[in-house]
Amino acid sequence: MSTLVASYHLMIRALRESRRQPGVEIQNIFIPLFFLFVTVGAIGQVSGAAFGVENYKGFQLPVAILQGTAGTAGMGGFGTVMDIERGYFDKLMLTPAPRLALVLGRLAADAVRVMVLSTIIMLVGLVMGAGMEAGVAGAIVFVLVAGLFGLAYSGIGLSIALRTGSVQAAQAGFLVFFPLLFLSPAFAPKEVFSHWLEVLATLNPVTYVLEGQRSLVLDGWQWDKLAYALFSIAGLGAVTLTMTLMALRTRTA
Amino acid sequence: MPAILTEQLTKHFPPDIKAVDGIDLSIAEGKIFAFLGQNGSGKTTTVRMLTTLLRPTSGRAQVDGLDVLARAAEVRRRIGVALQEAALDDMQTGRELLVLQARLYGVPTSEINERVGGLLKIVELDDAADRLVKTYSGGMKRRLDLAAALVHNPKIIFLDEPTTGLDPIGRDAIWRYVEALNRDGGVTFFLTTQYLEEADRLAHEVAIVDRGRIVAAGSPDDLKASIGTDVVTVRVPGDDDNAARAAEVLGRVDGASDVRALEDSVVVYIKDGSTAIPAIVLRLSEASIPMREVTLSRPTLDDVFLRMTGHHIEADRSVTRPEPQRSE
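In the order they appear, the protein sequences are chains A and B. Be aware that the first sequence starts at 26, since it is given in my numbering, and climbs by one per residue. Be aware that the second sequence starts at 7, since it is given in my numbering, and climbs by one per residue.
Calculated from the structure, these hints are not laboratory results. Fair warning: there could be bad hints in the mix.
As the list claims (entries may be wrong) - Listed next, the stretches of chain B that the computed footprint assigns to chain A, with coverage defined by at least 3 CB atoms under 8 Å from CB atoms of chain A: (1) 46-59; (2) 80-90; (3) 94-108.
Heads up, the beta-carbon is just placed ideally off N, CA and C, and yes, glycines get one too.
Isolated chain A (complex conformation) (with noise of 0.2 Å):
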């Protein structure tokens, strides 16, 4: 069996069990949203005159989609740590199935739910007036950029539950998201940073995603974001993706 097939197999089994537990996809859309409206409400009046943003809304549109693709991607670690703690996780590597695919599975599940998160985040974003400069096609490209991030993303909480086996520790990969968020413009564009958080946002991946989404919704197509926004992720998900075999293989060490 090919590691592709195998992998979308899994793929549509973790997503039977997210269509299952609607409450946890849920709570992924709603605090996003929360955030979203009293965000925009506390500084989307004095964006323009404090930071130069007019668009607020749509400044802030991209940040409520990253903060709701980091909690549902870190939910695919919490899946597998089900999974170990069940058992389950051992009788899938018996099969003769690439254990490649025990993983892609997984995260090719986390990108699809990100991106239908993201399409509902999104919805709200437009009707709220927060606009899409790149149109239609500039708004699926955004889902996309989501989705992506979210497979490379998730690999952090997977590796972390094959590696400990702990719904904690994994749950810890959702918290490595609150540093990242907060080193990158996610609330006033960069240049109006002290130099040493203009330095750490400079460094930090998530700046890179947040600027690519940010150019769809308010400028247009601006290809070089988008660029460096597909090559933060593309190192980002190398680093998981490696983390993440390194874990597996410890499983059967």
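Chain A is already provided as a structure; the job is to place chain B on it using the hints.
For chain B alone, coordinates are given in the frame of chain A:
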């Protein structure tokens, strides 16, 4: 060619735990083999090495003629495994779980529905097939787990304590499936158990494992015959070193080949036990050692276990209670 072969199979865990310590096995095709030992004796670790879930520290293992390290993927294709405590996904239905299992084993799509339907019928879960696994009772989960191990028609099946936690009815159902598959399909079984009656009823060959080592092996009848004597058990009050004192006294009874002192009893291995009992009672009375009960029996696997390890097997007898809303 043996279905399963190991040579000095060893697994050590840091810092210095010898979970499996140089096990040699040769199990012929079509046999039911029972690996008998109590918790922590190395049974599960051995199964995990033979099924490619764990790398041996040293030694060699072959399953169906294939090295478990060098040809792990091929080994996995030829074996079915039901691990200790049904390892299932609670959020799938029984049918979905079996279909996924069939797909991952590469069963042709055109055959999957028929095969899964047939298996569900065999394990008597066809009525519950479309319910989520989380609504199943312990016995139903075990049967589903067994069906999952069979979905690709494996030649060799590993069952790790398949009936632990089941009530007598659930246990009997699993035993019947194992016997039928072995008898009708020629499937080789490697099962681990801490239940003497399970090994006695099912197994053609038994290996008794204690602290990671095989201490006795053979057919149940051969093992019992190896004792070569009757077994007289004398229960004594479990205080004042009664058992130790009794063992010392009874070691001098004519014909006693071995005497084992336990907490509140003494086991005497003796030829022609029925005629030896008066002498045993007399000796204990002379030594003023109180007795509560004297029993005579033919040797059981427990006696073999006791003789080889110095202690009785302590099986986990707890039964998983079905939750109220669940039904079989």
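A quick look at each hint next to the structure:
1. 46-59: holds (count 3)
2. 80-90: Since 7 is at least three, the answer is holds.
3. 94-108: As far as the segment 94-108 of chain B goes, the hint holds, because 8 residues have Cβ atoms under 8 Å from chain A.
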